[in-house]
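Given chain A's structure and the hints, the job is docking chain B onto it.
So the sequence lines, in the order shown, correspond to chains A and B.
Numbered per the numbering used here, the first sequence spans residues 1 to 257.
Numbered per the numbering used here, the second sequence spans residues 1 to 272.
Incorrect hints may appear among the rest.
Claimed, not checked - Below, computed lysine-lysine pairings styled on DSS-like, alpha-carbon distance capped at 30 Å:
#: 1; chain 1: A; residue 1: K147; chain 2: A; residue 2: K180
#: 2; chain 1: B; residue 1: K226; chain 2: A; residue 2: K170
#: 3; chain 1: A; residue 1: K123; chain 2: A; residue 2: K247
#: 4; chain 1: B; residue 1: K139; chain 2: A; residue 2: K123
#: 5; chain 1: A; residue 1: K59; chain 2: A; residue 2: K247
#: 6; chain 1: B; residue 1: K133; chain 2: A; residue 2: K180
#: 7; chain 1: A; residue 1: K253; chain 2: B; residue 2: K226
#: 8; chain 1: B; residue 1: K171; chain 2: B; residue 2: K226
#: 9; chain 1: B; residue 1: K68; chain 2: B; residue 2: K139
#: 10; chain 1: A; residue 1: K123; chain 2: B; residue 2: K68
Keep in mind that the hints were calculated from the coordinates and are not lab data.
Listed below are the residues making up each chain.
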Amino acid sequence: MRTDYTAAEMMTVTAARALENGMTCFVGIGLPSEAANLARLTHAPDVVLIYESGTLQTKPEVLPLSIGDGELCESALTTVSVPEMFRYWLQGGHIDVGFLGTAQIDRYCNLNTTLIGDYHDPKVRLPGGGGAPEIATNAGEVFITLKHSRRTFVRDVDFVTTLGFGRDGKGREGVPNIGKGPTRVITDLCVMQPDPETRELVVVSLHPGVTREDVCDATGWEIRFAEALESTPEPSARELEVLRELKERTNRKHAGE
Amino acid sequence: MAELLSLHDAVARYVEDGATVCMEGFTHLIPFAAGHEVIRQGKRELTLIRMTPDLVYDQLIGAGCVSKLIFSWGGNPGVGSLHRLRDAVEKGWPQRIELLEHSHAAMACAFEAGAAGLPLAVLRGYVGSDLPKVNDQIKFIDCPFTGERLAAVPSIRPDVSLVHAQKADRKGNVLVEGIVGVQKEAVLAARHSIVTVEEIVDDLDVEPNACVIPGWAISAIAVAEKGAYPSYAHGYYDRDNRFYKAWDAIARDRDAFTAWLDDNVHNAGGQS
Numbered sequence: 001m002r003t004d005y006t007a008a009e010m011m012t013v014t015a016a017r018a019l020e021n022g023m024t025c026f027v028g029i030g031l032p033s034e035a036a037n038l039a040r041l042t043h044a045p046d047v048v049l050i051y052e053s054g055t056l057q058t059k060p061e062v063l064p065l066s067i068g069d070g071e072l073c074e075s076a077l078t079t080v081s082v083p084e085m086f087r088y089w090l091q092g093g094h095i096d097v098g099f100l101g102t103a104q105i106d107r108y109c110n111l112n113t114t115l116i117g118d119y120h121d122p123k124v125r126l127p128g129g130g131g132a133p134e135i136a137t138n139a140g141e142v143f144i145t146l147k148h149s150r151r152t153f154v155r156d157v158d159f160v161t162t163l164g165f166g167r168d169g170k171g172r173e174g175v176p177n178i179g180k181g182p183t184r185v186i187t188d189l190c191v192m193q194p195d196p197e198t199r200e201l202v203v204v205s206l207h208p209g210v211t212r213e214d215v216c217d218a219t220g221w222e223i224r225f226a227e228a229l230e231s232t233p234e235p236s237a238r239e240l241e242v243l244r245e246l247k248e249r250t251n252r253k254h255a256g257e
Numbered sequence: 001m002a003e004l005l006s007l008h009d010a011v012a013r014y015v016e017d018g019a020t021v022c023m024e025g026f027t028h029l030i031p032f033a034a035g036h037e038v039i040r041q042g043k044r045e046l047t048l049i050r051m052t053p054d055l056v057y058d059q060l061i062g063a064g065c066v067s068k069l070i071f072s073w074g075g076n077p078g079v080g081s082l083h084r085l086r087d088a089v090e091k092g093w094p095q096r097i098e099l100l101e102h103s104h105a106a107m108a109c110a111f112e113a114g115a116a117g118l119p120l121a122v123l124r125g126y127v128g129s130d131l132p133k134v135n136d137q138i139k140f141i142d143c144p145f146t147g148e149r150l151a152a153v154p155s156i157r158p159d160v161s162l163v164h165a166q167k168a169d170r171k172g173n174v175l176v177e178g179i180v181g182v183q184k185e186a187v188l189a190a191r192h193s194i195v196t197v198e199e200i201v202d203d204l205d206v207e208p209n210a211c212v213i214p215g216w217a218i219s220a221i222a223v224a225e226k227g228a229y230p231s232y233a234h235g236y237y238d239r240d241n242r243f244y245k246a247w248d249a250i251a252r253d254r255d256a257f258t259a260w261l262d263d264n265v266h267n268a269g270g271q272s
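The shape of chain B in the complex, shown without the other chains:
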């Protein structure tokens, strides 16, 4: 059963140095508040997993928390590059990071396989791509029934997943609405999970087929109002596209980035 903790305490308890950590959100409900708490607590040597690492992973990489990134598309959507990611890959600042890259289809399948308790995911994928040459986690197998050659990747099993959602009830049952991405799969695939929510309500008031994650399948709930900003929370606030554009200039320059990080993360207090 999910425990209601402060974000500080949830991160302190479940995110360890060297852990494999997944902060999901497919360009929606991106757990910025949780990511910033990880930076503030100075976590190190993390392996980060996410299909679409964007600004919060750029910030974690620039802050020196990350030694490895498993991903399928790393960019600032509609704007351009992640300059902190590029600086780490191209110039090793603040440290070199190892990349393990997939396609979206493979990662989506790997999350689902993780949630399903399977060791691998199988897909009709990577045909003719060079990605299997640079990622030894991509293999090919023959279907035992048809003989068709199919791609296989290991399932994703994070030590801890951090996701953001609209709301939870007092028992920790969570409602995710809108573009639900792979949030449910990320929570179910992980050993531990932290879900930040905009608010706690008495009654989730959901339709029968809504995307609800039961509280007993989650480790901790933490309230983080506007916890996805500058990403958005469907039904609560819009994506701040201006900030996504402004990030390009901030992240291009190491000093501008460091100053931004000090002002907006290290010295911003957080929600304890």
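The following block holds chain A by itself, in its conformation from the complex:
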């Protein structure tokens, strides 16, 4: 049975499926938070969600607008100070996966959330690094989710806020005590993974109805496709139902306050 769904829903469901039950996940706000909570409410009830505001093992009823909404604290196992969060829980090695969004990403998975243009004369000033630079290196691995466009998928980011694999793909080689780095990138068009040798992003799975041309048109470099290119499984009726209910609850809450 074919269920109707949007490209954004396809992205969220696919990102959610990347999380396994029982993983500890350091969650970025926005799309990662939506996907991580969908995972918790469907196939991964015991996924441990941690937000940088200090909320440990949180189970929010609605999606937070900010990283420090009261909902995160009230539904958490415990809330620790921000230095404890970054030092003991992240740097201490307790995080399996960091789940990040970004403004710009390049072919080696480097992330830019600092600015567009030149650092000392920026065209657009973005919010900055936040927790990402250390999440990306201290978590066991990193998932990234964002919408696919030429504005976001660029050959080389203007500024490496957060390390993927560096300007040459070798940025993690020989660095001790850091995680694997990005292992998958999930967009509204496809799923990508770094090539095991070169670390350049390769499309491994196309979402239903998306063509290679669609991905090429939305990517700022000549992106490669895996030989065994797969088709991403469609969202199930249950996943869509849970996601839509979650978003509806969230909208009601944020509009009513």
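For chain B alone, kept in the frame of chain A given last:
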């Protein structure tokens, strides 16, 4: 021992032009009332420190109080940019400000080091990031025991920290509850500190491990009811997410911002 002052008098006494000022609050307990008092008193050339500068720093920057900002994430959470910050950085209005930017992990460690009286903080951070290229306060050192290359940043030692909390008792002992951020570290790292509270109570009535800052470690307490609004105070009132969304349109436009500032800060009286 903390002195109980009006917010006006506390700011007048401890916040000087040109000072390094920290108003913390990790998307909770943001000291809006204190920030507005700083604007009303026309403080100038401040160096502001905060991990997550949001609306109150946008207001301080737009009001012309700020010449330098030390931060790790500057945005309107869940909404978008801080348009007054961007206008200052991109177009120099009302004045150009200098940015010194870090990551959250580095700033959290730097606050903790400040509270601990150390000159620097050490972390496994900034690996492969361009931030050390644009911030000369980020260095790398070799661990003397293992040889591992680690990042080092100077500790944060503000002239004065301003934070908001739920309540204080009559001796000025303060209880901070919920998302406690780096409030305690910000107070202990600073030379002087002002804590605004929702109310003064006879007894804090706390559990043994609650986050309490002793009155003798604080310079001044000032009562500021709803002093974190439109941010929130856990157990008192919720975050006004609608205002955070509405701020986007207000802050985009210089005239709309100036009118808002006149109506809601300059001519709003404050609590003296």
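Against the structure, the hints:
no., hint, result
1, A/K147 - A/K180, "holds (23 Å)"
2, B/K226 - A/K170, "violated (51 Å)"
3, A/K123 - A/K247, "violated (33 Å)"
4, B/K139 - A/K123, "holds (28 Å)"
5, A/K59 - A/K247, "holds (15 Å)"
6, B/K133 - A/K180, "holds (24 Å)"
7, A/K253 - B/K226, "holds (21 Å)"
8, B/K171 - B/K226, "holds (21 Å)"
9, B/K68 - B/K139, "holds (20 Å)"
10, A/K123 - B/K68, "holds (20 Å)"
Of the numbered hints stated above, those contradicted by the structure are hints 2, 3, listed in ascending order.
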